[in-house]
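Enquirer: So the chains spell out like this:
Number of protein chains: 2
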Amino acid sequence: MDITFAKRAAGGSESTLHRVFVAAAAGKGVISFAGGFPNKRFFPAREIGEAAARVLAESAHEALQYSTAGGYLPLREYISRRYHEKQGLSVDPDEILITNGSQQAIDLIARVMLDEGDFAAIESPGYLGAIDALSFYRPRFLTVPMTEAGPDPDALKEALTGRDVKIFYGVPNFQNPTGISYSANRRREVAEIIQSGNTLFIEDNPYGELRFIGEPLPSIKGVLGPQGVLLGSFSKIVAPGLRIGWICADRPIMKRLVAAKHAADLHTDIFIQHVLFRYVTACDIDEHIKEIREVYGNHRNAMIRMIEEYFPPEVGFTRPEGGLFLWMTLPEGVSSMDLFECALEAGVVVVPGAAFYPGGNGGGNAVRLNFSGVDEDEIDVGMRVLAGAVRKMTG
Amino acid sequence: MDITFAKRAAGGSESTLHRVFVAAAAGKGVISFAGGFPNKRFFPAREIGEAAARVLAESAHEALQYSTAGGYLPLREYISRRYHEKQGLSVDPDEILITNGSQQAIDLIARVMLDEGDFAAIESPGYLGAIDALSFYRPRFLTVPMTEAGPDPDALKEALTGRDVKIFYGVPNFQNPTGISYSANRRREVAEIIQSGNTLFIEDNPYGELRFIGEPLPSIKGVLGPQGVLLGSFSKIVAPGLRIGWICADRPIMKRLVAAKHAADLHTDIFIQHVLFRYVTACDIDEHIKEIREVYGNHRNAMIRMIEEYFPPEVGFTRPEGGLFLWMTLPEGVSSMDLFECALEAGVVVVPGAAFYPGGNGGGNAVRLNFSGVDEDEIDVGMRVLAGAVRKMTG
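Chains as they are written, first to last, in the numbering used here: chain A, 284 to 678; chain B, 284 to 678.
These aren't lab readings, by the way, just hints derived from the structure by calculation.
Glycine is no exception: its CB is placed at the ideal position from the N, C-alpha and C atoms.
One or more of the hints may lead you astray.
[As the list claims (entries may be wrong)] Computed cross-link-like contacts, SDA-like style, restricted to lysine to any residue with a CA-CA straight-line distance of at most 25 angstroms:
no.	chain 1	residue 1	chain 2	residue 2
1	B	Lys440	A	Ile286
2	A	Lys323	B	Leu356
3	A	Lys290	B	Leu356
4	A	Lys290	B	Gly445
[Stated by the list, open to error] Far from chain A by the CB rule (all over 12 angstroms, computed), these chain B residues:
no.	residue
5	Ala467
6	Thr564
7	Pro614
[What the hints assert, rightly or not] Chain A is faced by these chain B residues, among others (derived, beta-carbon under 7 angstroms):
no.	residue
8	Asp285
9	Ala335
10	Arg337
11	Ser342
12	Ala343
13	Gln387
14	Leu397
15	Ala546
Construct the entire structure; sequences and hints are all you get.
Expert: And the structure:
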């Protein structure tokens, strides 16, 4: 017997993201700045329990049976209304597909867009879950460096010129991993560059509602129309364990996404879609979001304060206006892989920068730090550990 | 703007299975023999509600947070124990991956096994969900005709000889769509043929616990070891809306499946995995299975009785020993697509046989009939409608 695997699985190694998750989830007593974990203290467990009880009392026959691939219509209508009310965006419920978190959204888009060898552009550094998902379709990656105001427009233009680039994946609000947001001006520039070609823009927005500073900026898909798809998720504002995200896409793409979703797993857990709908309509989700936004904002401030206080001044870092992450750049010559190993020894987990570059080509002296999943006293202990390690490594 | 899709999505049509599901789920007042719907009257809604309440009271932090790709370990341990107790099969919990129903199991296996143009063998007629899932990977299909005792061994041997066939997908117990089970002897023959080459056998077993007649027969993976993967599901014995299935695979395949699962959607809804574990350990699931087995067995008997009573004698049909389906063959020259349309007009839904052949090449005079999702009075009304339509079409 000699089983041979598909080329896309030939390597056989577990994904980088998976290894980081395992490390992050592994030990009790570990302080984790890895992962993109929301703070578990704020999960609305009681409200979800009440919603579940009502769904089972009133709609069990529908909520436990097979359903259709697009997702629970009342939930899609709710998402549509919320886009309209919060952002003035007009998205028809039929242009929304419920997915197993945004991770599946990225996978399904790749599935309908990418043939092997196609060009796929991403931010650099970029979201490692997207790199993982896209990699399975064996594209040629093009990387567009992030500046303080979003992807470098000249680099983006150059990447998309003279070749057929199928997709550009970006996170305009509080980017993963850097925490950077595209400025209003940069959003316009990016939209113009996209519109001058045939590339589909994948606008991932899991953190948009978690803004601590400044005013919300408009969705780029709102400008691009059918040339953009917009991803959303309940993972960061309700609970990630439920695995509910969505894709907004215009009909020609949507009908292909629905067929792909159906082939991939028929549909997303319909019981949980009912439960989420009950929860968001019965409770004040804005009040809940306000609460976690305040907490994460305080964590972000604490982390920045501690970097300034504990770390050598050569350490650089971003000052995110929202979201879950900041990006720390170590002094030249200090390896973030060494820091990862050293911190892990001391019970602190970070994600080394290389995870955010296809093939690990970059980020050698940077790390991503999550401030949402930990509490302030843990941030204090963890940042002292990291600072000590950095000081040791810089001599 | 001119967006171009991947070749695998170029057709853009919704899947056959999806269209059937939509038709089946569409109207109230429709009698559906389509789909593979369990009977909603027997969903354990109260018990699931109690399990959900306990999970949220006791383990909300864990059950609502991100988790790892493989699935909830206590649930995998439960599945492992059950295999040992019920079938004497030895499957390590680390050789079990929790998926979003068996549909995702098939997709993930295809993802790690199939390059475009690879040969994939399936039963003929075969499960349309598998045809849908595999089709996205653009294999060359080989079809192995079903006989009354399972796939024709000579045809299987011929299909697997002289070319590199990556997978053979089959449903040994109460096959979808025919209801046929592989005989004990045929299981041995199939295993021997598989073992003489390098093909991976995908043994899908969603209905195995729903046997009405005769004694359970052994799993083929139990004989094949690493050359087989075994799929299971809670969809038919608990509730399909929860989307919980699994794959048993040996480590070289499993590590690739786990990486593929992680890239596809990080992990399956962990809250529901906790809930299911609570449910299966707190309640007597064997008693529940016994109850639905009796009901479905009665439905199967009623449907067969009505075929004998209402239909012209030229109509052929299988006599399944378990499961959810039987397969009806219409008189020569009677089109099952015409019957589908005609029955739909009268509020009765069946799946035309063509859905179970890649490219729709076959089954022109056969239909699949589901007897689990309907009640006996509906079976009576629906079968009279179908019989009337058949009599009209045969003149």
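Enquirer: Decide, hint by hint, whether the structure agrees.
Expert: So, going through the hints one by one against the coordinates:
1. The hinted pair formed by Lys440 of chain B and Ile286 of chain A meets the criterion: a straight-line CA distance of about 18 angstroms does not exceed 25 angstroms.
2. For a cut-off of 25 angstroms, the pair hint linking Lys323 of chain A to Leu356 of chain B stands: about 20 angstroms separates their Cα positions.
3. The suggested pairing of Lys290 of chain A with Leu356 of chain B is violated, with an alpha-carbon distance near 30 angstroms, which exceeds 25 angstroms.
4. A threshold of 25 angstroms between alpha carbons decides the hint, and for Lys290 of chain A with Gly445 of chain B the separation of about 22 angstroms falls inside it, so the pair holds.
5. The Cβ of Ala467 of chain B sits about 23 angstroms from the closest Cβ of chain A, beyond the 12 angstroms cut-off, so the non-interface label holds.
6. Against the 12 angstroms criterion, Thr564 of chain B stays outside the reach of chain A, whose nearest CB is about 19 angstroms from its own CB.
7. The Cβ of Pro614 of chain B sits about 32 angstroms from the closest Cβ of chain A, beyond the 12 angstroms cut-off, so the non-interface label holds.
8. Interface restraint check for Asp285 of chain B: the shortest CB-CB distance to chain A comes to about 5 angstroms, inside 7 angstroms, so the restraint holds.
9. At its closest, the beta carbon of Ala335 of chain B sits 5 angstroms from a beta carbon of chain A; the interface hint therefore holds under the 7 angstroms criterion.
10. The interface hint given for Arg337 of chain B is broken, as the beta carbon of that residue sits about 10 angstroms from the closest beta carbon of chain A, more than 7 angstroms.
11. Contact between Ser342 of chain B and chain A, as hinted, is not supported at the beta carbon level, the nearest pair being about 9 angstroms apart and thus beyond 7 angstroms.
12. Interface hint status for Ala343 of chain B: upheld, as the beta-carbon distance to the closest one in chain A is roughly 4 angstroms, under 7 angstroms.
13. Evaluation of the Gln387 of chain B hint against chain A yields a held restraint, the C-beta minimum of about 4 angstroms falling below 7 angstroms.
14. For the restraint placing Leu397 of chain B at the interface with chain A, the shortest Cβ-Cβ distance is roughly 5 angstroms, inside the 7 angstroms limit, so the hint holds.
15. A least Cβ separation of about 5 angstroms between Ala546 of chain B and chain A falls short of the 7 angstroms threshold, and the interface hint therefore holds.
Hint compliance for this structure: hints 3, 10, 11 are broken, all remaining hints hold.
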